[in-house]
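Colleague: So the sequences go chain by chain: A and B.
Heads up: the first sequence begins at 1 in my numbering, then just goes up one per residue.
Heads up: the second sequence begins at 1 in my numbering, then just goes up one per residue.
Honestly, I wouldn't trust all of these hints.
What the hints assert, rightly or not - Calculated pairs, DSS-like style, for lysine-lysine (alpha carbon to alpha carbon, straight line, at most 27 Å): (1) 100(B) x 8(A); (2) 75(B) x 126(A); (3) 226(B) x 75(B); (4) 126(A) x 236(B); (5) 126(A) x 257(B); (6) 286(B) x 184(B); (7) 102(B) x 184(B); (8) 286(B) x 161(A); (9) 62(B) x 236(B); (10) 62(B) x 8(A); (11) 8(A) x 257(B).
Since the hints were made in silico from the structure, they are not lab data.
Just so we're clear, the structure is a prediction, and the values are computed from it rather than from any experiment.
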Amino acid sequence: MKENRAGKVLLELIMIVLALLFLFPLYITFVNGFKTYNEVLTSTIGLPKVVQFQNFSVVWKQINFPGVLMNSLIITVLSVAGILLISSAAAYQLVRRPGAISNAIFLLILSALVIPFQTLMVPLVKVARDFGLIDSIFGIIVMYWGFGLPMAVFLYHGFIKTVPRELEEAAQIDGSGVIGVYIRILLPLLKPITSTIAILHSLWIWNDFLLPRIVLSSSQNQTIPLASAVYFGQYTNEWHLGMAALTMAILPIIAFFLFMQRYIIAGITSGAVKG
Amino acid sequence: MPTRRLQQNLIYILFVAPAVFVFALIVLLPFLRAIIFSFQDWNGISTVIRWVGLDNYRMMWKDDAFYRSFAFTLKYVIVTTILVNVVGLALALALNTALKTKNILRTAFFLPYVIGSIIIGFIWQFIITQLFADIGRATQWTLFMKNWLSLPDYAFWSLVLVTIWHSSGYYMVIYLAALQGVPKDLLEAASIDGAGVMQQFRSVVLPLIRPAMTINLFLALSNGFKSFDLNFALTKGGPFGTTESLALHIYLDAFTKNLFTYASAKAVVFFVVLATITLVQVSVMKRSEVES
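Bound-form chain A, shown alone (with noise of 0.2 Å):
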């Protein structure tokens, strides 16, 4: 018994080095985001001799941090919503109206799940080119519902098939129409995984940086990966600045992760277990 204790600390010493280590590139960037350029080439371990707050100020007025957060929060929110609203409204009348028709646009939209981004990428420039979606929010916004929606559509369709229909029933005897059984009673009943969509696809969305790149050009319309990457070209080598910048772009995620922490490891993993 008292091997099996001594095992156990042991145990416990072995991950929390690990959990440290795993940390360290995290405390690298931060640290290194308030020293001075000469320092960081001199000594990347060390705390700042002198912490420098400026490079947090040049990098907010360089890449004007508050339009790129604000687009990012805009393109996440708005394209998250929307994938929720269009994907629980398909869902529920696909489930409840059953037939061929219901069949062949649930396969359709699913068959979609093997399809890789990078397949679509080349032609969607040119899509949306014509259909005036390119270098626009709003035009990324409803890329990112068709790329959403087909795991939003797979998940919500599994799970309003186990809501029993009674209560809809009932509601519908009471004297609600389609959309009001939709507002008032379906939409409740699908939190869960409501929640378990929208985690994932705000992670997914808030870090996305492939799409952003092909579809978004003009300086006003940057996201945070994209204005974050403005310091890491091939000619410039302002590691201050650098870290500054991926420490301003980090805190909002981690922040958000920190508070929601319990949501988002539920969330992934069921939607993991379902998808």
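Take the given structure of chain A and dock chain B to it, following the hints.
Modeller: Just chain B now, with coordinates in the frame of chain A:
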């Protein structure tokens, strides 16, 4: 009665049409377009698009850069699929014991995953080029005195290392959920019957977490094949194109070399390969889940 029927159909259209419309515009149309493009010749700008039959596919057959990218991607997928699952499962097993700091540890291991992979790539670009050089100067270890990103083998393992650091926590969380579903009394029964820790793991735990393994292998395979951000941020496909993933290869062809239609043909091949491999993996593992 016909009006009620009509009303129901109108509501059906109202609910389903937005999804069908957006899906058709953003997914279906580009997908069909990709297939059509793959039989055409167009640079993305000019007004004429020519039909060229199988020319793009024939060209691919002799394209060394494409083969190199394919070979890199396969090697990267195999290595990372194995390692993220081994590391993820090991972390999950350790955290599944009654450690005091369990929750904080779980947070720490999972944290990198919520950060976007492009930003992770930039963080590690700094660490590998600056911090490692610092460590090399201080310790004189030859391992750290080389510039990892400019040597093909080191660049490959840098990508693997960063991938593990970034996503093991994700696989860990899924394994952890499965491990928590393993009934304690089953393990007790096995240990009373004289099964050692290793044997308990092999004959009780492993079969019970098979579904999680199917999912994690699927996710690791498909994420590995689609890898783009890390290659873009860390190595730009270099040195000498040795770490150019298929996704990056297609991107560079289409958007820096204006080979729109040729890139589309590669994208179609990419789709066929990825769809085949993932569907085979899932069906094989699902079958073995039922048997065990």
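Colleague: Tell me if the straight-line CA distance from residue 62(B) to residue 236(B) falls inside 27 Å.
Modeller: holds (23 Å)
Colleague: Within a Cα-Cα threshold of 27 Å, do residue 286(B) and residue 161(A) meet the stated pairing?
Modeller: holds (23 Å)
Colleague: For the pair we were handed, residue 286(B) and residue 184(B), check the Cα-Cα distance against 27 Å.
Modeller: Satisfied, since the Cα-Cα distance of roughly 25 Å is no more than 27 Å.
Colleague: Verify the proposed pairing of residue 8(A) with residue 257(B), using a straight-line Cα cut of 27 Å.
Modeller: Distance of about 57 Å is beyond 27 Å: violated.
Colleague: Within a Cα-Cα threshold of 27 Å, do residue 226(B) and residue 75(B) meet the stated pairing?
Modeller: Holds, at roughly 13 Å.
Colleague: CA of residue 126(A) to CA of residue 257(B), is that 27 Å or under?
Modeller: holds (16 Å)
Colleague: Does residue 8(A) lie within 27 Å of residue 100(B) when you go C-alpha to C-alpha?
Modeller: holds (10 Å)
Colleague: Assess, step by step, whether the Cα of residue 62(B) is no farther than 27 Å from the Cα of residue 8(A), and give holds or violated.
Modeller: violated (57 Å)
Colleague: Are residue 102(B) and residue 184(B) close enough, with their CA atoms no more than 27 Å apart?
Modeller: Status holds; Cα separation ~18 Å.
Colleague: For the pair supplied as a hint, residue 75(B) and residue 126(A), confirm whether the alpha-carbon distance does not exceed 27 Å.
Modeller: The given pair, whose Cα atoms are some 33 Å apart, is violated under the 27 Å limit.
Colleague: Quick one, are residue 126(A) and residue 236(B) close enough, alpha carbons at most 27 Å?
Modeller: Measuring from Cα to Cα gives roughly 25 Å; hence the hint holds.
The earlier numbered hints that this structure contradicts are 2, 10, 11.
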